[in-house]
Amino acid sequence: MTTPFPTMDDLLLTVRDFLNDIRGELSPERRYQAQVAAFLLDVARREKLSTPPAEAIADLTAFRDAIRAGKFDAEEAVLAEKLLMLSAAEVEIVRPDLLAANPPAGVLS
Amino acid sequence: MSDARLEAAITRRFGAIARIENFEVATLGGSSRTILFDLVDGATRRRLVSRQESYQAADSPFLSVDHQYRAMRTAFELGLPVPEPVFEYDTADDMGQGFVTAFVAGDTMPKRIQAEVEKSGQTESLVRNFGTLLAKLHTLPPREFDFLAQRPDSVDALNAQRDRYDRYGQIRPAIEFGLRWLERRRPALSGAPILLHGDYRLGNFMIKDGAVAGLLDWECAHLGDPVEDIGWLFLRSWRFGRNNLEVAGLTHRKTFIDAYVAAGGAEPDPDSILWWQAFGFVRWAILNLMQADGHVRGERRGLVFAACGRNTALVEYDLMMLLTGRAA
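Note that the protein sequences, when read in sequence, are chains A and B.
Read in the numbering used here, the first sequence has 32 at position 32, and its numbers run on one by one without any break.
Read in the numbering used here, the second sequence has 96 at position 96, and its numbers run on one by one without any break.
Be a bit skeptical, because a hint or two may be false.
Claimed, not checked - Coverage of chain B stretches by chain A, computed from C-beta distances (three or more under 8 Å per stretch; other residues unrestricted): (1) 157-166; (2) 309-318.
Stated by the list, open to error - Sample of chain B residues with no beta-carbon within 12 Å of chain A, all distances over it, derived: (3) Arg13; (4) Ala16; (5) Ala18; (6) Ser64; (7) Ile171; (8) Thr255; (9) Glu267; (10) Gly325.
Claimed, not checked - Stretches of chain A that chain B covers, calculated by requiring three or more beta carbons in the stretch to come under 8 Å of a beta carbon on chain B: (11) 10-22; (12) 58-69.
What the hints contain is simulated information worked out from the structure, not anything from laboratory work.
Just so you know, these numbers come straight off a predicted model, no measurement behind them.
All residues carry an ideal CB built from backbone N, CA and C; glycine is no exception.
Using the sequences provided together with the hints, build the complete structure.
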């Protein structure tokens, strides 16, 4: 199968750029909404290109039941590190700029 | 541009001579409609604000409009800088649920406030103002706010979050972890439940000349532990990019706590602050899920509500940074 032309990423990028271009012509309320719309298109683009992190939890229902039953209590610190990395992977999609400014490195002394 | 029903509501209360001028819609896509207008009554002109709830889910975590209005009126009468409540809409107004308050001039935009007070050298004094004001709020007689005692957040704040979270049908590992972490470390209540604002943060302060001119948005008011409001204020979410400055991205917590204690607030225990910060992140993440849930279920679709769903990840990240000791 050939790659559609233009690609989905290109379509999303084009609409996002259009929204950014017209923002200056809009009322304050619509300008804000156009900014949010462009942001959501960026999220969709990054999500489409992303791959699930290696730490991803396969069975969420089983995870929920286990954590509520206290089965992870003894390994709380290890689980916290894993969940930090999973959260970071989501932030990488939603707001990579925030992750770059505030990476999960180093522990406060 | 005006609003015929608003004009009728004004005429019913202030007489046929009263009229509306300088009508301005101020809402930016939230769940309420906010209108600014001048009430002209003879030779008197007064700027007022109308707020109408455009949506309220049966399981909403927010106060009913009636209770919001009552909490604001009581706080105003007890001397807090709250926009003066003027009247509440009733069924004859056909305006839905809502109320009208006095307009308070100033700025609520966080980044603009941060820049302004830094430029004018008022950063420390504004944060001391936050501390003094919160101590005043926390020392209001709780019996005057008994009508809030049955709110789920007043009865058991943590259980209220879990109940809401379970209703949205999402399984978020970081929220599950946060809820478990909190349950295993519940602090003892530091005294009898007192009035909490519930959303005490930059964005809900009307700032004028480097000081709080009005404390806004009472929809989360309830009774509880005073440290809940303090932990919420310290969340990274309200630092607006200045992550190393714990109080609203303006300065460190000592300035706030010193002013809070000097004004009669009880000295908060650091472990208790940590617990309530973690609670605050869990609560804020669940509130974001709630906004997305309304969008996905079609009850209230919109760009901002869709974005809130994805915002959950940012809050969870801050929670896990806190709980792994990487951030304060």
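Evaluated hints:
1. Beta-carbon proximity to chain A at under 8 Å applies to 0 residues in the region 157-166 of chain B; the threshold of 3 is not reached and the given coverage is violated.
2. Restraint check on the region 309-318 of chain B versus chain A: 6 residues with Cβ-Cβ distances below 8 Å, three needed, restraint holds.
3. The claim that arginine 13(B) is not at the interface with chain A holds, since no C-beta of that chain comes within 12 Å of its own (minimum 29 Å).
4. At the 12 Å boundary, the C-beta of alanine 16(B) stays outside the reach of chain A, the nearest C-beta of that chain being 33 Å off.
5. Under the 12 Å C-beta cut-off, the non-interface status given to alanine 18(B) relative to chain A holds; the minimum distance is some 28 Å.
6. With a minimum CB-CB distance of about 27 Å to chain A, serine 64(B) clears the 12 Å threshold, and the non-interface call stands.
7. For isoleucine 171(B), the condition that its CB be more than 12 Å from all CB atoms of chain A is violated, with the nearest at approximately 4 Å.
8. The non-interface label for threonine 255(B) is consistent with chain A: the shortest C-beta to C-beta separation is roughly 20 Å, beyond 12 Å.
9. Chain A leaves glutamate 267(B) outside its interface by the beta-carbon criterion, the shortest separation being 22 Å against a cut-off of 12 Å.
10. Look at glycine 325(B): its CB is around 5 Å from the nearest CB on chain A, not clear of 12 Å, so calling it non-interface is violated.
11. Given as covered by chain B, the region 10-22 of chain A fails the check, having 0 residues with a CB less than 8 Å from a CB of that chain where 3 are the minimum.
12. Counting residues of the region 58-69 of chain A whose CB lies closer than 8 Å to any CB of chain B gives 6, which reaches the minimum of 3, so the coverage claim holds.
In the structure shown, a violation is registered for the earlier hints numbered 1, 7, 10, 11, in ascending order.
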